[in-house]
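*Asks:* Letter by letter, the chains look like this.
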Amino acid sequence: MTAATPAISIEHLRKVYRGGTVAVEDLSMQIAPGDFFGFLGPNGAGKSTTIHCITGIATVTSGKIEIFGIDAVKDYREARRMIGLSPQEFNVDTFATVTQIIDWMGGYFGLREAERKSRVDMLIQRFDLTAHAKKQFRELSGGLKRRVILARALVHDPKLLILDEPTAGVDVELRLDLWRYLQELNREGKTILLTSHYLEEIERLCRTIAIIAAGKIVRQGPKEEFFTVPGGLESAYLAATGKPVTHAAAGAA
Amino acid sequence: MTGRMGINWIGLWTIIRREWSRVWRVPIQAFLAPWISALMFIFIFGYVVGGNIRHIAGHRYVEFVLPGVLMLNVVNAAFLQSTSQIYFQRFLRYIEETLVSPLSYVEMIIGSLAMTIVRSVVTSLGILVIGYAFGATHMYNIFEFLFWIVSVSIIFGLLGIMIALWANNFEQLTMLNVFFIAPLSFVGGVFNTVSMLPPFMRWIAYANPFFYFINGLRHAMIGFNEAPEGLGVLVTLGLIAVLGLATWRLFSIGYGLRE
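Sequence order for the protein chains is E and X. So in the numbering used here, the last spot in the first sequence is 559, and the numbers never skip. So in the numbering used here, the last spot in the second sequence is 493, and the numbers never skip.
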């Protein structure tokens, strides 16, 4: 692994579900280490499927995925140690407590008890969950649930953080707090892959942006490239995804 | 970070901790129910009815019945533990927690089976205590006893995992128990010896794997054996090997686990 080894390298990824639906078709992209990468696309475009292929939730039909130079399929255990995932949907034991959920995830990643306890305590404090630590997940509000999912993704201090719509359904206060925290983590050297439907979120946080439509990358580049046209990111997004660019969008530059 | 990982012991232990916590949310269902059921079987069939039945090879009927009742409950405990743990993980999608972590397929299977064995052993200990109250608990060979409890737990743990991977609803989850486990276990010699069966039906007992499990445990507890020497152990180890390989294969292709 050299300094130039991408955090994520995907070559010709194809994913066909058992029913025959082609979710991702010949997708190739690279994410540089330390990048804050925005992954945009309409619902059903293939964002979550791509993330699921990277993290092992979905099988890969064909193509190659490497995480910091390690094959995510052949050497999946080594690759997964470096990834923290905050999925779009809540995939937790809803009867478990906040502390248990974060602690167990640390355990799966092989963290020893002392280290695990220290990380769990720090994350519970960082995400303002102290008053809720002993509550069951199902008793929490939507915003608190989202915080637990984020804390769980960070418990093993991963080099690569994948966030699939992490601010969907959360209040403005948490969103701003989360943005600050993500920027802090990125400054510390973590590579972040973020999907979102909030263009202002991508615009504010990311340095590189890729747009996916119908399972294919239709545009990718540094953020600045998306602001060379009137209407900025919104116009670029609509144009790339094949939606008509309205005057309202074009005039919003 | 490119070095090969060894066994993820902490991850394995975490699966057991998580499942222990889940089981203790339903202690009545997990432990009290099988203990009460065993108590009723021992009291009615062993003590009340058995009091009027002549000794079998020098053993009171309640002593003869206890290993069979114990084995029935081990089979149930193992099957319910493994089906519920895998199915609930799929149903609530927290199976994804282990899928995204650095746990190998073998570790995931062993973690599930370890808790299956723990639940079976705890269930067995309770039934041994109940049997002791009736003066029916004996231990002819403790190592044999442990072999049968652990190996039968593994067999039904593996079967439970496969059913839980296949099932798409709670109805399907109970099918194997209703149509296969319950009937075969009852005709596997819980209440009778093979010699009590009409001669033309005895081959059914020898063709039924449950007979070897119950017979093996009975030998471990009271020294009574009706099967050819070593055949039960061979059948059991063979089943573990076949079911273990099949389960590993299902995990490695992501059947019921990965999209």
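Hints were generated in silico from the structure; no laboratory data involved. There's no promise every hint is true.
Said to hold, decoys possible - To give a feel for the contact side, a few chain E residues facing chain X, derived at Cβ under 10 angstroms: (1) Tyr323; (2) Ala402; (3) Thr436.
Said to hold, decoys possible - A short list of chain X residues far from chain E (calculated; beta carbon distances all over 12 angstroms): (4) Ser271; (5) Ile278; (6) Gly292; (7) Phe322; (8) Tyr328; (9) Leu337; (10) Asn411; (11) Val412; (12) Val421; (13) Phe458.
C-beta: ideal position from N, C-alpha, C; glycine also.
*Asks:* Indicate, hint by hint, whether the structure satisfies it.
*Replies:* For each hint, the structure was consulted:
1. Tyr323: Hint on tyrosine 323(E): holds, closest Cβ of chain X at ~7 angstroms, below 10 angstroms.
2. Ala402: holds, 7 angstroms
3. Thr436: Status violated, d = 21 angstroms.
4. Ser271: Label holds. Min Cβ-Cβ 25 angstroms, cutoff 12 angstroms.
5. Ile278: Isoleucine 278(X) is indeed farther than 12 angstroms from all Cβ atoms of chain E, at 36 angstroms.
6. Gly292: Its Cβ never comes within 12 angstroms of chain E, the nearest being 50 angstroms, so this holds.
7. Phe322: Given a closest Cβ separation of 8 angstroms, the condition is violated.
8. Tyr328: violated, 5 angstroms
9. Leu337: Violated, since 6 angstroms does not exceed 12 angstroms.
10. Asn411: holds, 24 angstroms
11. Val412: Its Cβ never comes within 12 angstroms of chain E, the nearest being 27 angstroms, so this holds.
12. Val421: At about 38 angstroms from chain E, valine 421(X) clears the 12 angstroms cut-off, so the statement holds.
13. Phe458: holds, 44 angstroms
Hints 3, 7, 8, 9 from the list above are not met by this structure, while the remaining hints are.
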